[in-house]
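J.: Okay, so the sequence shown: first residue is 1 according to the UniProt record's numbering, each after it adds one.
These are calculated hints, taken from the structure and not from any lab test. Keep in mind the model is a prediction, meaning the values are calculated, not measured. Mixed in with the good hints there might be a few duds.
Stated by the list, open to error - No farther apart than 30 angstroms at their CA atoms in a straight line, the calculated lysine-lysine pairs in the DSS-like style are these:
(1) K664 with K579
(2) K300 with K64
(3) K579 with K414
(4) K374 with K265
(5) K414 with K424
(6) K64 with K247
(7) K620 with K64
(8) K512 with K300
(9) K374 with K105
(10) K424 with K583
(11) K541 with K374
(12) K512 with K541
(13) K482 with K620
(14) K664 with K414
Claimed, not checked - Restraint-style ranges between C-beta atoms, simulated for each label pair:
(15) G624 with G428: 45 to 51 angstroms
(16) I289 with F653: 38 to 44 angstroms
(17) I187 with K482: 49 to 55 angstroms
(18) L341 with R137: 22 to 28 angstroms
(19) K265 with F348: 49 to 55 angstroms
(20) F471 with V656: 38 to 44 angstroms
(21) F348 with I44: 30 to 36 angstroms
(22) E217 with W292: 40 to 46 angstroms
(23) G624 with E446: 29 to 35 angstroms
(24) H264 with R663: 51 to 57 angstroms
(25) Y638 with P601: 18 to 24 angstroms
Even for Gly, the Cβ is constructed at its ideal location relative to N, Cα and C.
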Amino acid sequence: MEISSKENTQFFSNNTILPVDRSSFKSESSASKEKQSCCGGIKIFLGALSFVYFAKALSGSYLKSTITQIERRFDIPSSLVGVIDGSFEIGNLLIIILVSYFGAKLHRPRIIGAGCLIMSAGTFLIAMPQFFMGRYRYERFPSTINSTVSISPCLQDKSQTPLSALEKSQAKINAGCEKEAGSSMWIYVLLGNLLRGIGETPIQPLGITYIDDYAIEENAALYIGCVQTVAIIGPIFGFLLGSLCAKLYVDIGFVDLDSVTITHKDVQWVGAWWLGYLIAGVISVLAGIPFWFLPKHLPKPESRKDSSTSSEHSKFITEDNKDQHKSYQQQVKIAEMAKFLPSLKNLFGNPVYILYLCASIIQFNSLIGMVTYKPKYIEQQYGQTSSKTNFVIGLINIPAVAFGIFSGGLIMKKFRISVLGAAKLSLGSSFFGYLLLLSLFAMGCENSDVAGLTVSYHGTKQMTDYEQALFSECNSGCACSKNDWDPICGENGITYISACLAGCQASNGSGKNTVFFNCSCVGTLQSPSRSSSAVVGPCQKGNECPKMFLYFLVISVITSYTLSVGGTPGYILLLRCIKPHLKSFALGIYTLAIRVLAGIPAPVYFGVAIDTTCLKWGSKRCGGRGACRLYDSSALRYVYLGLTLVLGTVSIFFSVAVLWVLRKRSSPQDETLSANGERGTCGTKSRKDNFVNSDRLIQTTYWPEKETRL
């Protein structure tokens with residue numbers, strides 16, 4: 001009986017356990033399905049966001065690669081190109097606050113999709129002037145254009161030129177003048193870049209917070225790292241696209257390329273700059289399509305369902321308590337607004353934050369100005385083509401920057417460097433980076449020998465007024481204009497501004513194969529009276545220039561890597577030395593300051609400084625100064641590198657002050673703590689303030705996306 005009763009008890013107990021096992025199995029299966037759907041949704045969003053980051057990085061870097069092309073196409077100085085480049089930051093700042101605040105309350109994926117459409121519209125708008133401003137006209141004497149009429153370059157008497165040719169040429173100039181007088185087409189480029197800035201605004205704050213909200217907590221950092229990695233690939237393709245388009249003539253598909261009398265090595269050459277913007281615009285449209293089909297919310301991971309921010313929390317709010325909950329939220333908002341000024345005072349009362357902010361602003365002025373005009377510097381200093389310049393930057397410099405950023409993070413993790421160590425690493429990378437930059441002063445090329453500008457017509461170095469020196473005894477009998485820029489290369493190795501100023505009396509051939517004869521100014525030093533010949537296009541720079549360019553590339557790559565190593569440690573320093581509840585506010589102020597005080601003004605005043613080194617300005621058809629045709633190589637080197645180095649040196653002094661304050665506020669035992677730990681080296685007093693003075697109201701209203709909102 002005992003055995004049977006035990007068997008019965010065991011039988012009933014087994015029966016009662018079975019249903020429980022089934023229900024638990026169902027709950028586990030439903031949980032696994034929910035986890036799979038959550039992971040699948042967030043991975044789709046991650047892939048779409050990565051593609052958007054690639055698209056925006058590609059279009060932004062492509063703009064940098066077309067700076068010189070836009071300058072020549074619209075006949076504008078470098079300072080105005082700097083304004084166009086800075087308009088992107090202006091557009092971004094116009095709506096950053098609205099997007100950051102209201103974006104999280106709306107359908108975030110669709111707002112990102114709308115931003116992609118606006119970004120693509122701005123990119124298309126940049127390319128539009130090409131289709132409305134007519135064909136590109138470069139300065140060429142009629143004899144170098146395919147024609148059956150042979151005209152003497154040195155017009156001693158206008159009767160030498162057929163009347164029909166003169167009338168035809170004047171009619172073309174007048175027609176072009178009327179068309180150009182009523183339009184400044186570069187404004188469309190500026191407005192398009194402004195739209196790009198507006199469209200790009202929601203991508204970072206809303207995309208990163210969406211990942212942070214719905215990704216598994218331990219995977220969120222990995223996902224964000226993947227997005228940032230893809231963003232680094234974008235500039236590589238952007239500059240390579242710029243290299244490809246710079247080889248194609250600007251009016252490709254609209255004119256007969258055989259009639260083009262200049263090559264891509266000529267300073268008047270303009271590549272198909274507009275073609276890359278059309279490609280970038282299409283990529284932006286494609287990148288925005290997936291976001292229109294993504295949900296507003298994804299299922300939250302199990303690890304985050306018990307948080308106060310979960311949507312499940314709202315289910316437990318009864319109807320009777322809804323009004324009380326709303327009034328409580330209003331009180332919280334009022335309390336947060338009341339805390340704004342004290343928080344601002346607290347933030348700016350932190351000497352480490354203020355000093356690091358000043359150092360970053362000045363350093364970003366240096367880096368933004370240097371990066372913006374680096375293609376122009378390489379072209380003018382080393383005589384390289386736009387295509388080769390963009391190819392070198394995209395294939396060598398950008399990967400060096402990416403590897404430097406990665407190395408900085410790896411060093412921080414491997415050696416468990418403290419915050420004080422992070423400050424030392426950031427300072428060291430800046431110091432050695434700008435020290436390497438100093439060596440570039442010795443790696444420049446001398447000015448090309450241009451008669452009347454850098455050398456006299458007798459071959460000696462030019463010291464007199466440039467405009468007066470353009471005319472000499474050898475071309476005194478010619479009716480030449482000092483505003484023309486149609487360079488030819490004499491057989492003596494000297495470049496002449498035009499065939500007329502070279503005193504050439506005859507020409508043979510047409511187009512790129514034109515050869516000028518009986519040029520009275522093209523004589524050797526041994527027999528200056530003997531007339532010689534010249535060919536179309538400027539002479540190449542000295543034999544030492546290619547070697548100097550190779551040295552420049554090596555030092556430039558090492559400098560880019562060294563400066564980039566300090567990026568991650570500097571960011572860790574910024575985050576660790578402010579109170580936890582002020583992090584998002586501090587990052588917002590930091591981003592705003594960098595954009596307003598560095599992103600907008602740096603390209604402008606760098607452009608103004610570079611314009612002061614111009615030796616020969618182009619002339620517009622209707623009068624007025626156009627784009628610069630020739631720069632003083634030595635002056636350009638000292639202005640470009642000098643301005644970069646001065647700003648970098650000032651930022652180093654602020655970084656030294658940051659390190660001094662950290663040393664003063666830290667205790668010896670703090671230096672052994674890792675930056676990844678809970679404690680930093682901003683001082684015992686500041687750490688106590690983090691915990692003692694932190695407001696309880698703000699802590700209770702904390703939400704996960706707060707740290708990455710800006």
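J.: Run every hint past the structure and note whether it holds.
T.: Now for the hints, and whether the structure bears them out:
This hinted pair checks out: K664 and K579 have alpha carbons roughly 19 angstroms apart, not beyond 30 angstroms. With a CA separation close to 41 angstroms, the supplied pair K300 and K64 exceeds the 30 angstroms bound. At roughly 26 angstroms between alpha-carbon atoms, K579 and K414 fall within 30 angstroms of each other, so this suggested pair holds. Between K374 and K265, the direct Cα distance comes to roughly 18 angstroms. Compliance with the 30 angstroms bound is thereby established for this hinted pair.
Proximity of K414 to K424 is assessed by CA-CA distance (about 16 angstroms); at most 30 angstroms being required, the pair is judged to hold. Of the supplied pair hints, the one linking K64 and K247 holds, its CA atoms being roughly 16 angstroms apart against a limit of 30 angstroms. This hinted pair checks out: K620 and K64 have alpha carbons roughly 24 angstroms apart, not beyond 30 angstroms. Proximity of K512 to K300 is assessed by CA-CA distance (about 67 angstroms); at most 30 angstroms being required, the pair is judged violated.
At most 30 angstroms may separate the alpha-carbon atoms for a hinted pair to count; K374 and K105 exceed this at roughly 42 angstroms. Distance restraint check for K424 and K583: the Cα-Cα separation of roughly 22 angstroms lies within the 30 angstroms cut-off, and the hinted pair is therefore satisfied. Of the supplied pair hints, the one linking K541 and K374 holds, its CA atoms being roughly 19 angstroms apart against a limit of 30 angstroms. As the CA atoms of K512 and K541 are separated by approximately 20 angstroms, the hinted pair is consistent with the 30 angstroms bound.
Pair hint K482 plus K620 holds up; C-alpha atoms about 13 angstroms apart against a cutoff of 30 angstroms. Between the alpha carbons of K664 and K414 the distance comes to roughly 26 angstroms, so the proposed pair stays at or under 30 angstroms and holds. For G624 and G428, the hinted distance range of 45 to 51 angstroms is satisfied, since their beta carbons lie about 49 angstroms from each other. Between I289 and F653 the beta carbon distance is about 49 angstroms. The supplied range of 38 to 44 angstroms is therefore violated.
The given range of 49 to 55 angstroms is broken by I187 and K482, whose C-beta atoms sit roughly 30 angstroms from each other. Here the CB-CB span from L341 to R137 is close to 59 angstroms, at odds with the stated 22 to 28 angstroms. The beta-carbon spacing between K265 and F348, approximately 53 angstroms, falls within the hinted interval of 49 to 55 angstroms. Distance hint check: the CB atoms of F471 and V656 are about 55 angstroms apart, inconsistent with the given range 38 to 44 angstroms.
Distance hint check: the CB atoms of F348 and I44 are about 42 angstroms apart, inconsistent with the given range 30 to 36 angstroms. For E217 and W292, the Cβ-Cβ distance of about 28 angstroms falls outside the hinted range of 40 to 46 angstroms, so the restraint is violated. Our hint of 29 to 35 angstroms for G624 and E446 holds, since their Cβ atoms are close to 31 angstroms apart. In this structure the supplied range 51 to 57 angstroms holds for H264 paired with R663, their Cβ-Cβ distance being about 55 angstroms.
Take Y638 and P601: their Cβ atoms lie about 21 angstroms apart, and the range 18 to 24 angstroms holds.
Going down the numbered hints, you'll see the structure goes against 2, 8, 9, 16, 17, 18, 20, 21 and 22, while the others check out.
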